[in-house]
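S.K.: Position chain B relative to chain A; hints supplied.
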Amino acid sequence: MTTAAVKPATMAQALQRAMRDAMAEDPTVHVMGEDVGTLGGVFRVTDGLAKEFGEDRCTDTPLAEAGILGTAVGMAMYGLRPVVEMQFDAFAYPAFEQLISHVARMRNRTKGGMPMPITVRVPYGGGIGGVEHHSDSSEAYYMATPGLHVVTPATVEDAYGLLRASIASDDPVVFLEPKRLYWSKAEWSPEAPAAVEPIGRAVVRRSGRSATLITYGPSVPVCMEAAQAAAAEGWDLEVVDLRSLVPFDDETVCASVRRTGRAVVVHESTGFGGPGGEIAARVTERCFHHLEAPVLRVAGFDIPYPPPMLERHHLPGVDRVLDAVARLQWEAAS
Amino acid sequence: MTVQELPGSAAAAYRPTPPPAWQPRTDPAPLLPDPEPYRVLGTEAAASADPELLLRLYAELVRGRRYNAQATALTKQGRLAVYPSSTGQEACEVGAALALEERDWLFPSYRDTLAAVARGLDPVQALTLLRGDWHTGYDPHEHRVAPLCTPLATQLPHAVGLAHAARLKGDDVVALAMIGDGGTSEGDFHEALNFAAVWNAPVVFLVQNNGFAISVPLAKQTAAPSLAHKAVGYGMPGRLVDGNDAVAVHEVLGQAVARARRGGGPTLIEAVTYRMDAHTNADDATRYRADSEVETWRAHDPIQLLERELTERGLLDDGTRQAAAQAAETMAADLRERMNADPVLDPMDLFEHVYARQTTQLREQAALLRAELDAEEEAR
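The listed protein sequences derive, respectively, from chains A and B.
Just so you know, the first sequence maps onto residues 1 to 334 in my numbering.
Just so you know, the second sequence maps onto residues 1 to 380 in my numbering.
Looking at chain A on its own, in the form it has when it is part of the complex (with noise of 0.2 Å):
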């Protein structure tokens, strides 16, 4: 975009400005959790808000992540559309019984009868340096849920169209939002916002031949980096940005791996059991004929999440990934 109105924002920024247009346009949403009123969140996401709608509309919560959930669950029950806020990642577990016991399950329960229109942001995942239980990834939790959606951005844009999309969405939505690219910044004009994006796309963000490389949130730069790496090293790859982990984009995933017959799952979370074990039998089960090689995963280490001053040993870098690529085309080869 070269308008003038385009500027450089921050992700925390568009993801605010999402809940701001969504308030305004549907006076049913309510935005809800710890510290999110006066102080505007602890990572400033929803700045202003309680200012601009009042604080019946975005609601400092005593402090009890079950108690924000169960009551967000009763007032989508009367008809609001809340948008809740867990704190921290590892902050949200006490509320994954209403998660998992009634947001995820009363639309099925009610034959429909009562859909749980709910948006639970999640800021998720490591690297910023938080002590213990602020940098978990929890996304296999919530994946192995059936009635929610798990969606996450990596990119500014994607901040704003894909919470636009979960709030309107008449099903629960756990967002999960990379905390270490709160900060990342983007062209991108407010005065005319992304459009929103629907839930359940992925989308290629580098095309190449020689290997895809399939990731989300905030291993999505990650890859971008190690793509543009290894273009030096004569291998050419293609970057799929999951964007939604549930529902999941098998047509894009798989059309991707077939044209390069090579894959490789990022993510931060651990591996045994994590995310990419999914993906890699996904990807097997669809693909099996058009693969070169075994699909590899690189992830975080089967750990409790690590101190701080050990993260960056524990975190996917550009160089394991780089490692992974390299084995591939051994695998290739023999």
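If you are wondering where the hints come from, they were derived from the structure by calculation, not from laboratory data.
Be aware that a few hints might be false.
[What the hints assert, rightly or not] FRET-style restraints, in silico, Cβ to Cβ:
no., chain 1, residue 1, chain 2, residue 2, range
1, A, T38, B, E293, 49 to 57 Å
2, B, A219, A, R286, 17 to 25 Å
3, A, P27, B, D172, 15 to 23 Å
4, A, E132, B, A219, 31 to 39 Å
5, B, G78, A, F272, 41 to 49 Å
6, A, V204, B, E376, 50 to 58 Å
Note that CB positions come from ideal geometry on N, CA and C, so glycine has one too.
M.R.: This is chain B only, laid out in the frame that chain A set:
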């Protein structure tokens, strides 16, 4: 730890002062429950109770007792997977449900089928969950009855949220959330009461203290003076009521509902009652309680209590008694007949209502099941 002695005369002059931010927020005295559970039947107050209400409560109690017996029989016939009977607790179920207006909402636990039926829910639909053909099956909006909640206390925050939302919209709707004594130990109980009080939400919490959480007696559940005492810590009034006295339950609930409706905020009510049957048909109550205890409570039966009052006031003749029994029998016969018919289920419904719009993944799985069903059909 020892308190550090201040030297010399300073020690004598030292007086502790409260920290700067400390100030009493609420006088706890009006929030405290009376030590004795409130009763109407058998007291002078009963004389002024509305005859029409007494007769209505009576008819509902009799019907409720019959419903419990019929549903329990259906478990023995394999028609219900499980049934948590509320025999002995009918006064709580009925007294509470009848205290609500039509526009109000009920948030029942799994044992509160009778309350749901008293609000007009079809007796068969109220058993769908327990029969096992769908998890709830009924439309919660039709009678403003939330799904019978199986996890403990998790429906309490829902009640708070709904009541809060109604208030934000300007509707004078009250939510009643029902729970057992065991459920008060759950975290969601605490969070719901705290949210309700902070938001001044129009909610009434009714704890049916029936003595046991499956097999664990109240003494092992809590060290609180009473469950109603817990209210004080949240800044809402706590009330104790005789849970076998339908008139008292109805009155106390009615007051709490009215208070909530006029913006007075939430109330916690503990109804002291007893579960005459086992936890469910799958439980053996003789392992954890004495027959003598059960017999003590049998002498305090909610239907008998009300019958005595009605008889003394000349409101219960044989005709009225028979009419109530007959209505209950008709309900039971209808329930029996309809429950004995096999429900017609479409397995393809499994994929409906998971999401508003089916995902590709679910469409693929639906196609697989369709093919399997077709193959079954062909093989027949």
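S.K.: The structure should be examined with respect to each hint, and the outcome stated for every one.
M.R.: Verification of the hints:
1. For the hinted restraint 49 to 57 Å between A/T38 and B/E293, the CB-CB distance of approximately 54 Å keeps it satisfied.
2. Checked against the hint of 17 to 25 Å, the pair B/A219 and A/R286 fails, with Cβ atoms roughly 59 Å apart.
3. The hinted range of 15 to 23 Å is satisfied by A/P27 and B/D172, whose Cβ atoms lie roughly 20 Å apart.
4. Take A/E132 and B/A219: their Cβ atoms lie about 38 Å apart, and the range 31 to 39 Å holds.
5. For the pair B/G78 and A/F272, the beta carbons lie near 43 Å from each other, so the given range of 41 to 49 Å is met.
6. At roughly 42 Å, the beta-carbon separation of A/V204 and B/E376 lies outside the given 50 to 58 Å, and the hint is violated.
Comparing the model with each earlier hint shows violations of hints 2 and 6; every other hint is respected.
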